[in-house]
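Peer 1: Each chain is listed here by its residues.
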Amino acid sequence: MAAVCPACVAMPDIEDIDTGPSLQFSVPTIHCAACIGKIERGLRGVAGVQSARVNMSLKRLTVKGPVDPAKIESKLTDLGFEVYPLDLEALNSARDMIGRSLLMRMAVAGFAMMNVMLLSVAVWSGATDATRDLFHLISAAIALPVVGYSGQPFFQNAWAALRVRRLNMDVPISLAILLAAGMSLFETLNGGSHAYFDAALSLTFFLLIGRYMDHRTRSAARSAAKELTALEVFNAQRVVGRDIQTVPVADLCVGDILSVPTGARVAVDGVLLSPAALMDRSFLTGESATMDVVQNAQLQAGEINVGAALTMQATAVGEDTSLRRMAQMVETAENGRNSYTALADRAAQIYAPAVHLLALLAFVGWALATGDVRHALNVAIAVLIITCPCALGLAVPAVSTAAISRLFAMGYLVKHATALERLAEVTRIVFDKTGTLSEPCIDVPTEMNPEARAVAKALAQTSNHPMSRLLVAALGDTKAAIVEGITETAGQGVSGKWQGQTVRLGRGVWLGASFVGLGLKIGTADAQTFDATEAPRKGATAAVEMLTLPAEIVTGDAERPAQAFAASLGLPVTANVRADEKLQRLQAMSEQSDKVLMVGDGLNDTAALAAAHASMAPASALDASRSASDIVILTESFAELPLVLKIAKLGSRLSKQNFAIAAVYNCIAIPIALAGLATPLAAALAMSASSITVLLNSQRIRYVS
Amino acid sequence: MNVLVVLIPVSLLLGCIGLLAFIWTVQSDQYDDDQGNASRILLDD
Chain B
77 MAAVCPACVA MPDIEDIDTG PSLQFSVPTI HCAACIGKIE RGLRGVAGVQ SARVNMSLKR
137 LTVKGPVDPA KIESKLTDLG FEVYPLDLEA LNSARDMIGR SLLMRMAVAG FAMMNVMLLS
197 VAVWSGATDA TRDLFHLISA AIALPVVGYS GQPFFQNAWA ALRVRRLNMD VPISLAILLA
257 AGMSLFETLN GGSHAYFDAA LSLTFFLLIG RYMDHRTRSA ARSAAKELTA LEVFNAQRVV
317 GRDIQTVPVA DLCVGDILSV PTGARVAVDG VLLSPAALMD RSFLTGESAT MDVVQNAQLQ
377 AGEINVGAAL TMQATAVGED TSLRRMAQMV ETAENGRNSY TALADRAAQI YAPAVHLLAL
437 LAFVGWALAT GDVRHALNVA IAVLIITCPC ALGLAVPAVS TAAISRLFAM GYLVKHATAL
497 ERLAEVTRIV FDKTGTLSEP CIDVPTEMNP EARAVAKALA QTSNHPMSRL LVAALGDTKA
557 AIVEGITETA GQGVSGKWQG QTVRLGRGVW LGASFVGLGL KIGTADAQTF DATEAPRKGA
617 TAAVEMLTLP AEIVTGDAER PAQAFAASLG LPVTANVRAD EKLQRLQAMS EQSDKVLMVG
677 DGLNDTAALA AAHASMAPAS ALDASRSASD IVILTESFAE LPLVLKIAKL GSRLSKQNFA
737 IAAVYNCIAI PIALAGLATP LAAALAMSAS SITVLLNSQR IRYVS
Chain R
8 MNVLVVLIPV SLLLGCIGLL AFIWTVQSDQ YDDDQGNASR ILLDD
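Protein chains in written order, with our numbering: chain B, 77 to 781; chain R, 8 to 52.
Okay, chain B solo, but in the shape it has when bound:
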């Protein structure tokens, strides 16, 4: 399309602006109003930004307008926020349709409940005859369509359970709602004195509140989990002739030549074509030391290239890679976990048959005793309504919602529905070492003089290599020297000019020294070495001290570094453990009726994570490990681990207390209902009082410390 006038040239731009593509970013450190103001005001100045809006609940930023994502990232980094671009496709639609429909059903039920309650109060205060019948008729006209609309989530769940011949909590709930509505309609049409429309509606309303809160916390956790996946890179660099193409990992074929830049993860299994390379295998094996490999060496998917950019040839792709084989091992191990029955389902399996039997007995008993079938049916239905399915339905969701949202605020993402219940039962903790309890760090020798430190900092600052970044962190607030003409030799080191001398920071071999690790060489003086060691992760020491459960470290690392590290934390350790041995070890522990919490991050932990009774992985873990774990730790620090265990324990205790509260109400209400003395007013009082007590009791989890 050729432009014929200047105005036409401008046209497409205007259209672009109108429909402006929206960009999504994850900004995990947003936590207050000042952050919102700072980000939104700051981005207003960036060219091309039409609107920037922060969603604090999801810790996400949406930017509209034709703007370069890199500009926004650098602006936010300047403002002091961590920022990660998100793939809109991976997040698929941002709208939460299920939550919205639950909210709508809840609002409609609430509206109907209030209006029917208003009419019911008049009846309870003594309206009789024609007035009472009129009020009942109006109530029926409001309640029946609303029950049909708002009750659907319960009816669907109940039907799904009944179809496979099982009972869940939704079966007695649906039955109570439907029978209450049906019986009340019958009574209304026959001029009866009791109608339970308000009970049917308040049951629906209270339970929908529980459902909505439950969905809300879960969808927050789900969206954070999706963000983590969206951060993962699924592309590889394929070498075709002299060009390098970026292609999705799924499109790679055996025999493809791939280029792996410094710091990138190997996407498929293959052999090394470059003469030599330096690989970090800690994710695969747990070894903390980097591996030197030479041409024709086998590379496995998941290794990280920490040396110069390398080329390799793919030998296995897709399902055949060792990464996928590991994932299959996980699926097998996970089957055990799916057989865990949630507390609420266990309660329903006792409660539902008991209540149904009781109602049946009431019906048969009254029918035989009086011969009045209509009255007998009324008593039976009153029993069903008054046995507080409401409090029982809320007992677990109210607690887990409060607990999950508290944990989310602390940076612990609860992914699995029964994770908290399983975590509460844990009797033993197994930690992985590399990347979980420990993080790599660099020792700056104490005898190194201030000038050398300043030069090292100046050189390290310019490089993106992981070792350089660790060195910058280790040097802390040392002021960098003025070094000129800094150049980086990929995979070897950085060099520059300082006060007329050549200064170099890099691998020992490159410096001409005898050591292999990182070193600094100033002028012609001897190279000085920096030791790469491991430090406990932030908060790990404190967390381990606070733990009341027996804990141990099981690692794939070599004996010596493992022993040294474990001694610093005061934990027993087993070194040189392969992935399948980790799994066997966990299985052996569970045979001794130990319920194990596994905390790990590497691919070698994945099977163990899936097999453990409960599991956690840090956010830095591999995608496979994160999906195998129940809880993902989003914060850097492990300090709050003991508190998490405490919250899980209290959560399961509060759920059981809630069941006990509901049982106490039942002990009072059931005899009244069986005696045929229950009125709609009594039912309304029992239901509201028990539901509110349960909700209030659940809130106590917010104050544990």
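Incorrect hints may appear among the rest.
As the list claims (entries may be wrong) - Partner residues are not named here, just some residues of chain B that face chain R (Cβ under 8 Å, in silico):
| # | residue |
| --- | --- |
| 1 | CYS108 |
| 2 | ALA109 |
| 3 | ILE112 |
| 4 | GLY113 |
| 5 | SER133 |
| 6 | PHE187 |
| 7 | MET190 |
| 8 | ASN191 |
| 9 | LEU194 |
| 10 | ILE214 |
| 11 | ALA216 |
Claimed, not checked - Computed beta-carbon distance windows for the label pairs:
| # | chain 1 | residue 1 | chain 2 | residue 2 | range |
| --- | --- | --- | --- | --- | --- |
| 12 | R | LEU20 | B | ARG242 | 40 to 46 Å |
| 13 | B | ALA493 | R | SER18 | 40 to 46 Å |
| 14 | R | SER18 | B | TYR225 | 19 to 25 Å |
Derived from the structure by calculation, the hints contain no laboratory data. It should be emphasised that the depicted structure is a prediction, and the values quoted were computed from it without experimental measurement. C-beta: ideal position from N, C-alpha, C; glycine also.
Place chain R on chain B using the hints.
Peer 2: For chain R alone, kept in the frame of chain B given last:
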């Protein structure tokens, strides 16, 4: 008692207005970021 003929429709009508207002708030994304909305009141601009 004839006053009921007026009062009952009026109370239902008022309730319906409230319900419609709520449906409007749901449709216009007002419950998507409750924490953010609570904080925004503290912003000056």
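Peer 1: None of the hints should be skipped; say for each whether it holds.
Peer 2: Evaluation of the provided hints:
no., hint, in the structure
1, CYS108, "6 Å, holds"
2, ALA109, "4 Å, holds"
3, ILE112, "6 Å, holds"
4, GLY113, "5 Å, holds"
5, SER133, "5 Å, holds"
6, PHE187, "4 Å, holds"
7, MET190, "7 Å, holds"
8, ASN191, "5 Å, holds"
9, LEU194, "6 Å, holds"
10, ILE214, "6 Å, holds"
11, ALA216, "14 Å, violated"
12, LEU20(R) - ARG242(B): 40 to 46 Å, "45 Å, holds"
13, ALA493(B) - SER18(R): 40 to 46 Å, "41 Å, holds"
14, SER18(R) - TYR225(B): 19 to 25 Å, "21 Å, holds"
Of the numbered hints listed earlier, the single one contradicted by the structure is hint 11.
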